[in-house]
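Chemist: Sequence:
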Amino acid sequence: MGCGSSIECSSPRCQEAKGSRCYKHSHNYSWWCKYCKQEEDNYFKENDQRRSENERRLKQYEQERLQKEIAEKERYIREYKEIIREKERWLNKRI
3 MGCGSSIECS
13 SPRCQEAKGS
23 RCYKHSHNYS
33 WWCKYCKQEE
43 DNYFKENDQR
53 RSENERRLKQ
63 YEQERLQKEI
73 AEKERYIREY
83 KEIIREKERW
93 LNKRI
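Position in the sequence shown (from 1) plus 2 gives the number in this note's numbering.
The reader is advised that the hints may include incorrect statements.
To be verified - Have a look at the derived ranges for each label pair, beta carbon to beta carbon:
{"id": "1", "residue 1": "K36", "residue 2": "Q65", "range": "20 to 30 Å"}
{"id": "2", "residue 1": "R15", "residue 2": "Y78", "range": "51 to 61 Å"}
{"id": "3", "residue 1": "E76", "residue 2": "K36", "range": "55 to 65 Å"}
Rather than coming from a laboratory, the hints here were simulated on the basis of the structure.
Ideal placement from N, C-alpha and C gives every residue a C-beta, glycine not left out.
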């Protein structure tokens, strides 16, 4: 199933000579020579890796943000409880 005269590489960036062996491209189902297919596969692989890294960073950022928010609310609760204890002491002294 060589490219030959009937099937040529469909990649707009192809630099290969006619007659190169072509492969069915998985993303758009056109015929690409092995060099263009490899370039495109590498592009999608790198893109997937970048996407995974970005998702990991986003999850980490969100987790850190939530931890800060929890710590702030816990601090607020401790301060509020201390205020209540002080008011209870003040009331006990007045009685």
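Chemist: Which of the listed hints are not met by the structure?
Modeler: 1
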